[in-house]
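Model the placement of chain X on the given structure of chain C, informed by the hints.
Going down the list, the sequences are from chains C and X. Counted the way UniProt numbering counts, the first sequence spans residues 1 to 360. Counted the way UniProt numbering counts, the second sequence spans residues 1 to 360.
If you are wondering where the hints come from, they were derived from the structure by calculation, not from laboratory data. Quick caveat: nothing in here was measured; it's all calculated off a predicted structure. Yeah, the Cβ is synthetic: ideal placement off N, Cα and C, and Gly gets one too. Treat the hints with care, as some may be off.
[To be verified] Beyond 10 Å from chain X on every Cβ pair, some chain C residues (computed):
{"no.": "1", "residue": "R34"}
{"no.": "2", "residue": "A144"}
{"no.": "3", "residue": "L162"}
{"no.": "4", "residue": "E352"}
[Unchecked claim] Once the Cα atoms are required to be at most 27 Å apart in a straight line, the calculated BS3-like pairs of lysine-lysine come out as:
{"no.": "5", "chain 1": "C", "residue 1": "K308", "chain 2": "C", "residue 2": "K151"}
{"no.": "6", "chain 1": "X", "residue 1": "K151", "chain 2": "X", "residue 2": "K308"}
{"no.": "7", "chain 1": "C", "residue 1": "K33", "chain 2": "X", "residue 2": "K33"}
{"no.": "8", "chain 1": "C", "residue 1": "K33", "chain 2": "C", "residue 2": "K151"}
{"no.": "9", "chain 1": "X", "residue 1": "K76", "chain 2": "X", "residue 2": "K151"}
{"no.": "10", "chain 1": "C", "residue 1": "K76", "chain 2": "X", "residue 2": "K151"}
{"no.": "11", "chain 1": "X", "residue 1": "K33", "chain 2": "C", "residue 2": "K151"}
{"no.": "12", "chain 1": "C", "residue 1": "K151", "chain 2": "X", "residue 2": "K308"}
{"no.": "13", "chain 1": "X", "residue 1": "K308", "chain 2": "C", "residue 2": "K76"}
Protein chains: 2
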Amino acid sequence: MRTLDVALGARAYPIHIGAGIFDNAELILPYLKRPRVAIVTNELVGPLYLGRLQAALDAAGVASTAIVLPDGEANKNWETLNLIFSGLLEARCERSVTLIALGGGVVGDMTGFAAACYQRGVPFIQVPTTLLSQVDSSVGGKTAINHPLGKNMIGAFYQPRLVLADVSTLRTLPIRELRAGLAEVIKHALIRDAARMDWLEQHIDGLLACDEDLLAEAVEWNCRIKATVVAADETEQGERAHLNLGHTFGHAIETGMGYGEYLHGEAVAAGVVMAAQLSAQLGMLPEADVERIRRLFQRAGLPVQGPKLGVERYLDLMRHDKKVADGRLRLILLRRIGEAVISEAASQAEIELAIASCCV
Amino acid sequence: MRTLDVALGARAYPIHIGAGIFDNAELILPYLKRPRVAIVTNELVGPLYLGRLQAALDAAGVASTAIVLPDGEANKNWETLNLIFSGLLEARCERSVTLIALGGGVVGDMTGFAAACYQRGVPFIQVPTTLLSQVDSSVGGKTAINHPLGKNMIGAFYQPRLVLADVSTLRTLPIRELRAGLAEVIKHALIRDAARMDWLEQHIDGLLACDEDLLAEAVEWNCRIKATVVAADETEQGERAHLNLGHTFGHAIETGMGYGEYLHGEAVAAGVVMAAQLSAQLGMLPEADVERIRRLFQRAGLPVQGPKLGVERYLDLMRHDKKVADGRLRLILLRRIGEAVISEAASQAEIELAIASCCV
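Next comes chain C alone, as it looks inside the complex (with noise of 0.2 Å):
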């Protein structure tokens, strides 16, 4: 088992990773005020684990009530997270209760903006069980839910008191959701990290045959970049805007095919491909890198050019996506290969033209 501390003053919080521990109770013990916990899952991952979470913490003589939420993005809304106010409410759950979230993003998002708001506040730990998750959502503290106006309008900056990152829970995945999960790991390399693009590589294989060592290696790596990056700039002023790499192509992408065409890390990965271009058109990337960038991706199957939408409808969603200074749009770039800069170079000519050589 490998373990990360997220530094974040009196908010800190360790990462525990490695394969078969999600239901080591001994690892969660000392993070409960009270042996009493509510585990927070969806329809898909409950079958799985759940039982053998609510077993093991049983045998520790802990408590659990289990609240299931329907699967997916569409039920990240208020009446879902009512579901688990209500399941809290009914099991008479106090201020010392503990939420566990048990599954991937959207699991992760809501019961930790329920932790944020039940009673005002109560302690949360996270148990995510999909590669992105894993790597993503288990640093940053951003917790939210959906408005029928706007994906993640309403949420807090909130932080678990521990993320227990079992790597052996990838195998149960859809091979979709684990590509989808490496696009945030590539793009992590490419804005911090070079020799770890090398790294990915020689391993993308063996990361998508599912080997558990690969795979925590990846994990705790992602999730020390993303530490430090949070770290630095913990609500979103500065740097960590670098995570933003290859985003608002790709959030042109999910919003013109309409949600659940493109999974978000698909679409990421084309958004980079176009980050790329464009950074090389700037003269700021060689083409070889850009072709280096392209070719990891496809052995990845992931996609390497967006959807034919139109680069005026691509401009006016990331336009909308984005605010725009002096009619320029705000970018991430990347430098070379392990260094994003923040940029508002690109005319809208050279992003057009960055998209249309990217578009199917």
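Below, chain X alone, put in the same frame as chain C:
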């Protein structure tokens, strides 16, 4: 104008107290990130003060959106909260917007909670227009909504950037609500400041007649007491519980009679008398002081006896309200006028006797 600084480290903020200050844009401007606010108010307060506030902000170059909620505790729920989120999103308010709560405790609680959650947190300013909210909700950072299964179950500790307590708005307050606000003022004197009890006995008629100087002094002093208690115990672990003098009895009255029958302050007044009576029974407080407390509440037009619910019903409701340790209720009692204590000294029989001797 009087100014009190609530010392909460990085979350410190000033409370300005005076007559005719709520539409002084110069007091507000220094606290805005951008000249863009959303004013949340209700159907009763809006027609009285919204126009003046918007006109003043407009003259100062601040764009404002108004969100008018239905009135009353029954609407302190998710549906009404969502009216705030929808209003903010429809007006395309960004993370740089500042919310202004213009109204009583319900508007303040909901606006504060909306501010805590909108885009994971935006600043807010309180303009409390009832005596209760000026002396009570302006300090403490408690925000919340009700859940069908419990009051104030969903919320956050979230501090305003600024409070403008304008005592001239109390002229439009129904006299019954003014009296209910005075119940909290008297309670604060009883738990912390014996000299203030003398002052209140001297000036109770002037306060009821809405003398602005007297009201401003009472509000300032009350906020100061509460700020001291809260700063010492922001998340309610210890002495902040003193503020709950009379509340365990009072909540039993409110719940037993059905919400809305007794105003919160009215139930607290009767509850404080019960707590004082019990303190006297236990030999902690002279009987003459109980009489003195009773007399002041009577002069303020507040109830000094509870409804005849039956002592068993009272105890039932009180046990639901608070945790029971070894069968003994944890209550706030008075050691003398000006000094509250947390005590589990009272037996059930003694509590029953105190209730019986204070019921109509």
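Verification of the supplied hints:
1. Against chain X, the non-interface label of R34 of chain C holds: every CB pair exceeds 10 Å, the least being about 12 Å.
2. Distance check on A144 of chain C: its Cβ comes as close as 7 Å (rounded) to a Cβ of chain X, failing to clear the 10 Å threshold; non-interface status is violated.
3. Separation of L162 of chain C from chain X is adequate, the least Cβ-Cβ distance of about 20 Å exceeding the 10 Å criterion.
4. The non-interface label for E352 of chain C is consistent with chain X: the shortest C-beta to C-beta separation is roughly 26 Å, beyond 10 Å.
5. The straight-line distance between the Cα atoms of K308 of chain C and K151 of chain C is roughly 24 Å, inside the 27 Å bound, and the hint therefore holds.
6. Distance check on the hinted pair: K151 of chain X and K308 of chain X sit about 24 Å apart at the alpha-carbon level, within 27 Å; holds.
7. Restraint check for K33 of chain C and K33 of chain X: not satisfied, since their Cα atoms lie roughly 39 Å apart, outside the 27 Å limit.
8. About 33 Å separates the Cα atoms of K33 of chain C and K151 of chain C, which puts this hinted pair outside 27 Å; it is violated.
9. Of the supplied pair hints, the one linking K76 of chain X and K151 of chain X holds, its CA atoms being roughly 9 Å apart against a limit of 27 Å.
10. Taking the CA atoms of K76 of chain C and K151 of chain X, the gap is near 24 Å; set against the 27 Å cutoff, the hint holds.
11. For the hint linking K33 of chain X to K151 of chain C, the alpha-carbon distance of about 23 Å falls within 27 Å, and the restraint holds.
12. Taking the CA atoms of K151 of chain C and K308 of chain X, the gap is about 52 Å. The hint is violated against a cut of 27 Å.
13. Restraint check for K308 of chain X and K76 of chain C: the C-alpha separation of about 47 Å exceeds 27 Å, so the hint is violated.
The structure fails to meet hints 2, 7, 8, 12 and 13 from the earlier list, while all remaining hints are met.
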